[in-house]
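Enquirer: What follows is the residue order along each chain.
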Amino acid sequence: MTRRRGPGGRASLRKDAPPGPPFRRVLVANRGEIAVRIIRACRELGVESVAVYSDADAGAAHVRLADVAVRLGPAPAAESYLRGDAIVHAALATGAEAVHPGYGFLAERATFARAVEDAGLVFIGPSSGAIAALGDKLAARRLALAAGVPVVPGTLDPVAVERPDAVEPILQEADGIGFPILVKAAAGGGGRGMRRVARREDLPAALAAGAAESLAAFGDGSVYLEREVRPARHVEVQLLGDDAGTIVALGERDCSIQRRHQKLVEESPAPGLTEAERLELHELAVRVARAAGLRNAATAEFLVDEARKPWFLEVNARLQVEHGVTELITGLDLVAEQLRIAAGAPLSPAVLAAAARAGRPERHAIEVRLSAEDPARDFAPAPGRIGRWTMPAGPGVRVDSAVEAGERVPPDYDPLIAKVLVEAADRGAAIDRLRRALDEVAVGGIQTTLPFHRFVARHQGFAAGDLSIDWVAEQWHGEADRQRVLRSALVAAGLASRDGVVEALDPPAGAPAAAPGPGRGAETDRPPGWLRGGRETAVDRWPR
Amino acid sequence: MAAVTDEGSAVAGVGSLRVRTAPASARPGDEPLTLGPDSGHRLEPAGPGRALLLEAGGGQTSQPARTPVLLGALRRPRASGPRLVEVVVDGWRFEVEVEPESRAALRERGSRDRRVGTHGGAAELRAIIPGRVVAVSVAPGDPVSAGQQLLVVEAMKMQNEVRAPIAGVVERLAVAEGQTIELGDILAVIGQDQ
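These protein sequences, in sequence, are chains A and B. At position 83 of the first sequence (counting the first as 1) the number is 78 in the working numbering, and the numbers step up by one without a gap. Offset between the second sequence (1-based) and the working numbering: plus 206.
If you're looking for bench data, these hints aren't it; they were derived computationally from the structure. Careful, some of the hints might be misleading.
What the hints assert, rightly or not - Here are some of the chain B residues that sit facing chain A, going by a computed Cβ distance under 7 Å:
(1) Ser222
(2) Leu223
(3) Val291
(4) Gly297
(5) Val302
(6) Glu307
(7) Val340
(8) Val342
(9) Gly347
(10) Ala361
Unchecked claim - Simulated coverage check for chain B against chain A, where a stretch passes if three residues somewhere in it have a Cβ under 8 Å from a Cβ of chain A:
(11) 224 to 235
(12) 276 to 287
(13) 352 to 359
(14) 372 to 380
Unchecked claim - Taking CB as the label site, the calculated pair distances span:
(15) Gln398(B) / Glu435(A): 25 to 35 Å
(16) Gln365(B) / Ala155(A): 22 to 32 Å
(17) Glu469(A) / Ala345(B): 35 to 45 Å
(18) Glu301(A) / Gln398(B): 47 to 57 Å
(19) Glu301(A) / Gly397(B): 25 to 35 Å
(20) Gln365(B) / Pro145(A): 32 to 42 Å
(21) Gly456(A) / Glu237(B): 23 to 33 Å
(22) Arg137(A) / Ala329(B): 46 to 56 Å
(23) Phe174(A) / Ala262(B): 54 to 64 Å
(24) Ala73(A) / Pro346(B): 52 to 62 Å
(25) Glu399(A) / Ala262(B): 34 to 44 Å
(26) Glu435(A) / Glu314(B): 39 to 49 Å
The beta carbon of each residue, even a glycine, is placed where N, CA and C say it ideally should be.
One chain only, chain A, in its complex shape (with noise of 0.2 Å):
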């Protein structure tokens, strides 16, 4: 494998050479805030950057703060963002000595880590050889097994699916294992693919149809079979490794409050493990990941069932979009490591002594992520032009986000808009900061999670460390909190209208319509309409 050494390469991190930028110049393959935290950690190291875009993203945060920005195609992704062949030319046409693939898009296609190592360009992230086996779940299944990690209990191989002559000796697997089962995808992610069987005779139709939406989503229709672990908390360790093998775990994450396999809480430490707990999930990890041949950052995901005890689930090899968490309490930039880690430098002196403080966390922070979502209609995506814009601000606050006010959310990819972490002395002093933040929060013109952020930050279950991946499925009622507040809302539109706060509210004149029809309002041009000097009015009008 060659590598291109930039300047300040791997020569300026000897011991007798002052320690330079890692690199001259980084490609940061992706958008929104993660292309915007990247963009950030380049900056402070003296490294200049280069975005990349769609159309949807002309002006867009990422493109505006870097050093050079490069059009990739349209809209849809597969016309832009996925593009690792435009990437990599965009990259050696504007002298990128590496690629930062940010978390999605391409992070963890092995093709893609390949194209830009056989470019002569730096891939920052593991390597492509570990990408690819570590993508392949039954692989990294194998491999934790083989390293004394114990995983879920399951198939090992790819169950025969179109052999109806096969059928009896799956069953007879699955007897073994016990029901409820999940069918999932080899090559799987994000839930695609996968399938809860609770009876046995619905076994082989959920093969089928596993098998059928792996290989529409994937390309590769290699399903397993795995127990149900349940009730669980999902727990991660964060994990960093350098050209030398060197391995550490900086820390464990709690995920458990998620919905359809996405997460929408995390916090470093998980609540309620023991030091002993903690430790042994941290060398488990370390474990996987040496067997892989893991370096620079990625995940390893696991379940804790009910007994505390761990099952491993998988590694994702990539930075992940909560790893914010971990550098609160640990005060490192992982960013910044995985660029000096990418350049050839062995892991720092500050990482290491982070990860020999991991089984004794001293401060307790938490991530929200507030995405463009309807938290009343089971999450849908609710995309749209962002009225008013205010964010949170203070001590202990840390908000990672990519727009404005009157910027549009495209439909086109993700809907997380921004993640708003706290940090504080202790979990319960966490939560009380996470609620006194997420009050501060005012977004109009689209809808967001924020309603159900506030929902956790004020409940007693999760307050006492009550978590599973069972939560939201149990605990949340969206459309019924969206009731307890109707009334208020309709009260509320009804005065300022009477009052004659209203014309102090009216668009300005040419400003675009905003609902020309029925059930369009949300997504139309929207005017910053926010009342201008209502208090004025109001204050003139209004009966005190």
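Once you have looked at the hints, place chain B on chain A.
Expert: Only chain B this time, still in chain A's reference frame:
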């Protein structure tokens, strides 16, 4: 009918108001509200686009409930139609229609009369999320059973199947494969089997 034609005074002043969620925000079960001139509720301004809603009898004690709200104006689809106000309470966003009670009653009577003449039973399918049509499984004239897949719409990485709400015949197909759709767009009309 000055109250109807004179926009400035259409809702300001004394009189009851009819307030309801606008079609873009409406969900089954949403009840409209009639707000009398002496409702006892009050809005206390709290900065541009912000107010505190003081609701009489809303609190557990004699103190009124105090709820922070965000307020915004939306351009109404028709100049003569109800006012359209954006309200955000506890993170829930509503588009709300406000009009004088008298005019709402008039309009409702009118629309009831019109409905008499239309043929019964046709089901209009509208987009509940913006996105792209990635597959069309039926053609106009096709008989469909209730629950049968008509279209697949992709929005934000998710494929959503649009299914027939009733058994019948595809009367109209308003979209084609590859087409971008917006919230509320008509996708198809299913006529009921005779």
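Enquirer: Now, for every hint given, state plainly whether the structure supports it.
Expert: Hint check results:
1. Ser222: violated (9 Å)
2. Leu223: OK, holds: Leu223(B) within 7 Å of chain A, min 5 Å.
3. Val291: holds (4 Å)
4. Gly297: It holds, given that the least Cβ distance between Gly297(B) and chain A is near 3 Å, below 7 Å.
5. Val302: Holds: closest Cβ of chain A sits about 4 Å from Val302(B), inside 7 Å.
6. Glu307: violated (11 Å)
7. Val340: Since the shortest Cβ distance to chain A is 10 Å, the answer is violated.
8. Val342: violated (17 Å)
9. Gly347: violated (26 Å)
10. Ala361: Where the cut-off is 7 Å and the nearest Cβ of chain A is about 5 Å from Ala361(B), the hint holds.
11. 224 to 235: holds (count 9)
12. 276 to 287: Per the Cβ count (8), the hint holds.
13. 352 to 359: violated (count 0)
14. 372 to 380: violated (count 0)
15. Gln398(B) / Glu435(A): 25 to 35 Å: Given about 51 Å between the Cβ atoms, the range is violated.
16. Gln365(B) / Ala155(A): 22 to 32 Å: holds (27 Å)
17. Glu469(A) / Ala345(B): 35 to 45 Å: Because 43 Å falls inside the window, the suggested range holds.
18. Glu301(A) / Gln398(B): 47 to 57 Å: holds (51 Å)
19. Glu301(A) / Gly397(B): 25 to 35 Å: Because 53 Å falls outside the window, the suggested range is violated.
20. Gln365(B) / Pro145(A): 32 to 42 Å: holds (34 Å)
21. Gly456(A) / Glu237(B): 23 to 33 Å: Given about 30 Å between the Cβ atoms, the range holds.
22. Arg137(A) / Ala329(B): 46 to 56 Å: For Arg137(A) and Ala329(B) the Cβ distance comes to about 51 Å; the hint holds.
23. Phe174(A) / Ala262(B): 54 to 64 Å: holds (56 Å)
24. Ala73(A) / Pro346(B): 52 to 62 Å: violated (29 Å)
25. Glu399(A) / Ala262(B): 34 to 44 Å: holds (38 Å)
26. Glu435(A) / Glu314(B): 39 to 49 Å: Check passed, 41 Å falls within 39 to 49 Å.
The structure is inconsistent with the numbered hints 1, 6, 7, 8, 9, 13, 14, 15, 19 and 24, although it conforms to all the rest.
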